[in-house]
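Residue numbers (my numbering), protein chains in the order written: chain A, 1342 to 1786; chain B, 934 to 1456; chain C, 3 to 196.
Bear in mind the hints are in silico, worked out from the structure with no lab data behind them.
Please note: incorrect hints may appear among the correct ones.
Stated by the list, open to error - Far from chain B, some chain C residues (derived; all Cβ distances over 10 Å): (1) GLU28; (2) TRP58; (3) HIS61; (4) ARG70; (5) PRO74; (6) HIS77; (7) GLY94; (8) GLU119; (9) LYS121; (10) ILE124; (11) ASP126; (12) LEU174.
Unchecked claim - In silico negatives: residues of chain C with every beta carbon more than 12 Å from chain B: (13) HIS18; (14) GLY36; (15) CYS64; (16) LEU79; (17) THR83; (18) PRO92; (19) GLY123; (20) LYS134; (21) GLY172; (22) SER173; (23) ALA176.
What the hints assert, rightly or not - Quick list of in silico lysine-lysine cross-link-like pairs, DSS-like style, CA-CA up to 30 Å: (24) A/LYS1462 / A/LYS1487; (25) B/LYS1258 / B/LYS1234; (26) A/LYS1759 / C/LYS125; (27) A/LYS1385 / A/LYS1365; (28) B/LYS1061 / A/LYS1766; (29) A/LYS1487 / C/LYS37; (30) A/LYS1462 / C/LYS42; (31) A/LYS1375 / A/LYS1579; (32) B/LYS1258 / A/LYS1536; (33) B/LYS1263 / B/LYS1212; (34) C/LYS125 / A/LYS1473; (35) A/LYS1487 / C/LYS121; (36) C/LYS69 / A/LYS1473; (37) A/LYS1753 / B/LYS1061; (38) A/LYS1594 / A/LYS1618; (39) A/LYS1351 / A/LYS1570; (40) A/LYS1536 / A/LYS1365.
Bear in mind the structure is a predicted one, so any value in this text is a computation, not a measurement.
Backbone N, C-alpha and C fix where the C-beta goes; we use that ideal spot for every residue, glycine too.
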Amino acid sequence: MDSYPRILTKNWENPNSHTLEEAKKAGQYSVLEKCLKMDRQAIKQEVLDAGLRGRGGAGFPAGRKWMFVPDAEKRQGKPVYLICNADESEPGTFKDRYCMWHDPHMLIEGMIIAAYALECKTAYIYLRGEFKFIQDRVDDAIAEAKAAGLLGKNILGTGFDFELYTHQGAGAYICGEETALISSIEGERGQPRLKPPFPAVEGAWGCPTVVNNVETLAVVPWIMKNGAKAYSAIGTEKATGTKLFSVSGHVMKPGVYEIPMGIPMTSFINDICGGLKPGRTLKAVIPGGSSVPVMTPEEVSKATMDYESIQEVSGSYLGSGGMIVMDDTTDMVSALSNLLRFYAHESCGQCTPCREGVGWMSQILIRLDKGDASDDDLEILLDLANNIHSKTICFFGASAAMPVQSFLQKFKPEFLAKIESARAKISPQGISTNSEAGGPRAGAK
Amino acid sequence: MPVVKVDGIEVTVENGVNMIQAAALAGVDIPHFCYHQDLSIAGNCRMCLVDVEAGGRGPDIACNMQARDGLEIRTDSDNVSKMRESVMEFLLKNHPLDCPVCDQSGECTLQDHYSDHGNNGSRLADIKNHAPKRQTLSEKIILDAERCIACSRCVRFGDEITNTGDLRLFERTDHTEIGLFPGEALDHGYQGNLIDICPVGALTSREFRFQKRVWYLRETPSICTGCATGCNIVVEHQSGEVFRFKPRRNPSVNSSWMCDEGRETWNQSNDASRILMAKVEGSRTDFAAAATAAAELLSGKKVAIVLGTKGSNEGNRVMALLGSKLEGSKLFVLGGNDPSDVTSSDNLLKVEDKSPNRAGAKLVADVSGGAGTENDLKSALAGREFDAMVVLQDDAVGRMGGATVPNVIFIGTHANETSAVAKVVIPAAAHVEFNGTFINKDGIVQRFRRAVHPSGDSLPDYSAVDKVAVALCGSVAGSDGAEIFAGLAKDSPELNGASWSSISGTGHQIGSTQTAGAAAPSK
Amino acid sequence: MSSNQPSHREVQNNGHGEISFSAEQEAEIVDILGKYPTQKSAVMPLLWMAQREWGWISHDVCRLVAKRLELPPSHVLTVATFYTMFKKTPTGEYLLQVCHTLSCALVGADNLIAHIEDKLGIKDGETTPDGKFTLMRVECLASCGSGPMMQVNDDFYEGLNDSRVDDILGSLSAGKPPSTPRPEVDQWTHTPVS
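Kindly generate the complete structure, drawing on both the sequences and the hints.
See the structure below:
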């Protein structure tokens, strides 16, 4: 791995990196004044040219998203809102919390520049409710910045007015979906909305709104300081720059890693994350947060850490970069059941397939995990997942369906084995000694 | 005017139309639960998912799809069948199999769509979620939260129509539950509409609960007589008995709604004060005898003819024609409401004026040389200008605060202050019992139709008045309501040649040849 | 929605009786309202304020917040019941929220929870008789690399094992929350120092 700049994690070892004093020493806010005097379109273009893709999971080019916002005339004087998505609730993902904990000023500077480019005067950071202790630190940083004239009226004498506030969530994974986040900050239930209309045209409070992930915004100052070319020189052609990967599960050194896009997955796991525990072998990897399809060891050996490779090699996605590593001690049925319990708990309940179907899939998996299921149940489970995928208001349906589809596709023998071993325990009278509450068994079709 | 295709059928539609509406215009029915043309788009049931062949990306929901040039959708593909089947399966996952005990049975959208699009078999081997049944939300509404499919129509109704923000979906996941803020009750005048819009048996009528299986009911379109708005309704009845009123959609009059006060008049034709037999000097008698007695009372006298703001156009027409045969008689149209009317109004549908046909009575008066007001009549009576008064339907004496004459003939449906002092009381049919027309406050002529037989000895008001004429001097109009209306239309330039057969289901706007309510589709 | 929280119907109607915001809280509310273009947006901040003051979201709290923001109480309740962190019932002095989603489960979260249940004598959703601890299984707390872990009220305690948990519970019982709940960071990565 060639040497590359630590764009996001540069200051994380300094225990006081979060203070304005230390942040300034580290170079935060050094490009701000120049940006606030630049042509707005030029800033958007720079970010587009850098190839920065949304770091929350969708991987959509940030510069292009910014360019969807209509100009002042087209939006008839409506204000533009920028909201930083700090809801970080995707299982396996834990990078945004560290960005905000260690380097809130990097994020703040990124948001000021983004807001300026978008002609936005009021922005929010929506943090998940559990991050209160992090929110307190971000609030302190905002107060420091304001006192230093970096926020508020006439920033650095450039004439740009900008206010930044934090907003506390209250425990709902679905609020990480941008339209649900918008609903939530409006004071409604955090339920996703139909598209069209799209947030860039009609978002929060009926106004054009851009929602960006923490990491995405935090990278902006570096791009503006060092240039799009320098950023796109790192990583691969389509997946530029560095990314924060959250690694968890059965590795020796779980944690957050900043690496350039494109390094081989195997070498990432073995050389950087410390590899597996002694005596264990790799069984499965979920590369980008629990919502993306699972990868087999063979697929892992072929993949590099970027959007395109992971998709081509395994049909999975880089997503949020929340990598969960599972070794041979893992019961894949239990793992899937655990995930579906999560999704059943988090479904907002708005649309039919997700509301009823995810709960149903979870019920089947709980039975399956105990072996109290049949081959037909596997068929039904897959059919339910297929019937949910792409039929829902938002991506949550697919997020719950993809683990089911991929686990069944790539680890089917294990599911069958669990059913078999339970069947083997059936007594001669035909009564399963393994069955527990599961309701009356209606015969399958 | 965008041109779109639905299943290969091309159709040109108005701007702002969604694809469910466009498909309907193409003759294609797209099943749905949460979509309602008079409420905002929710898009949560997913039943209206269609394939998009051109002009967009699919599959996507038709309710949120604006018609635009080049858009082509497909509803008859295998994929669409599968999607519909799966939505039905998901809806039935937690839905209780209550059909045998559920009032909605027979008019349940879940049943209807299941028989058309379901997969005919259950694969469920797990437990259904439960929620409280039989919750009393108010005097009028019962909630069975288990049956709810979370379509949010009732929530949107409370937010968008009545502005009461009462019903809400609480919690989340498949434990999402519809309800009120605990301890509160529904408290507005439009609760009945919740029953209509709920596609399943979650919100049902307390009054109607277990009264009648709906497949026995026949439907007759008609008009509510509660006030001058004239909401379009459907009268539901079986074997001569009315069981309920439901609103009928008319974008120009009442949208899809009606108020509870009006809805509760369904039983009015049957209530205790209904006049079923003729009376002369307080004694019951047959119709012919009463008509003769009335004729005797009128003959040679100066008669005040009080047109009915609550009577039909046809009845008023015959009253005016009768008047033309009585020398010295004068027409009156009395303002105000009867003392027994509940005067409540709101900014939705209910108006102060509780007469369904004031505009009609005025129109008849206009073509007959004009009419006096209640004040005119009061002073005339005080000045003993009239010896007799014949009243159609209205409580004339009540409206004039008790002023009367010795010789009163009352032709109407319900006992009131006028019938109490009348020497002759003649039973008229209630509006669910005959065919006629009213004109509402906005000048829309609307037909009401006969659903059940006239009760007792009653006759349609125009026939009843003509019977008096027959006894007096000979028929003035015959008993054919259509002909009577045609005669009125001939004399009235405002009616512009309208006839019973030309009046559409959504009414006829006075002063135009246009059918009222021909519509730009709403939301 | 979770099995460890009561439904919105089960909450007693007279949870807090007559309550009102203090002058200080009012000033804070005015501040909060100034951050958003609509009053409705202040629902969540006010619910948080109310929960910090009165411990949980009763129907009385809903009515109070609704009145202040000129919203129907039903709207406030529907928002409150949508989110898991707004409590619909009083909990113990320390709310032990232990993550049991996949990454933590892979490194022993279920065993840790069993240990806590054993030690405190309560199950998921229950409170100890002395009112000190309520145990709750929760979903992913974005600490997947430092699991198993738990959130106690507002604080995160990560990189747990049975003995660390015992220490923490002991300190909390004595009224002295451990001073550095967050894991120390390592050089290049951010693994907890065990």
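A quick look at each hint next to the structure:
no.	hint	verdict
1	GLU28	holds (24 Å)
2	TRP58	holds (15 Å)
3	HIS61	violated (6 Å)
4	ARG70	holds (16 Å)
5	PRO74	violated (4 Å)
6	HIS77	violated (6 Å)
7	GLY94	holds (23 Å)
8	GLU119	holds (24 Å)
9	LYS121	holds (31 Å)
10	ILE124	holds (23 Å)
11	ASP126	holds (17 Å)
12	LEU174	holds (31 Å)
13	HIS18	holds (14 Å)
14	GLY36	holds (25 Å)
15	CYS64	violated (7 Å)
16	LEU79	violated (6 Å)
17	THR83	violated (5 Å)
18	PRO92	holds (17 Å)
19	GLY123	holds (28 Å)
20	LYS134	holds (28 Å)
21	GLY172	holds (36 Å)
22	SER173	holds (35 Å)
23	ALA176	holds (37 Å)
24	A/LYS1462 / A/LYS1487	holds (14 Å)
25	B/LYS1258 / B/LYS1234	holds (11 Å)
26	A/LYS1759 / C/LYS125	holds (28 Å)
27	A/LYS1385 / A/LYS1365	holds (25 Å)
28	B/LYS1061 / A/LYS1766	holds (28 Å)
29	A/LYS1487 / C/LYS37	holds (15 Å)
30	A/LYS1462 / C/LYS42	holds (20 Å)
31	A/LYS1375 / A/LYS1579	holds (28 Å)
32	B/LYS1258 / A/LYS1536	violated (70 Å)
33	B/LYS1263 / B/LYS1212	holds (25 Å)
34	C/LYS125 / A/LYS1473	holds (26 Å)
35	A/LYS1487 / C/LYS121	violated (48 Å)
36	C/LYS69 / A/LYS1473	holds (26 Å)
37	A/LYS1753 / B/LYS1061	holds (27 Å)
38	A/LYS1594 / A/LYS1618	holds (10 Å)
39	A/LYS1351 / A/LYS1570	holds (20 Å)
40	A/LYS1536 / A/LYS1365	violated (41 Å)
Checked against the numbered hints given earlier, the structure breaks hints 3, 5, 6, 15, 16, 17, 32, 35 and 40 and satisfies all the rest.
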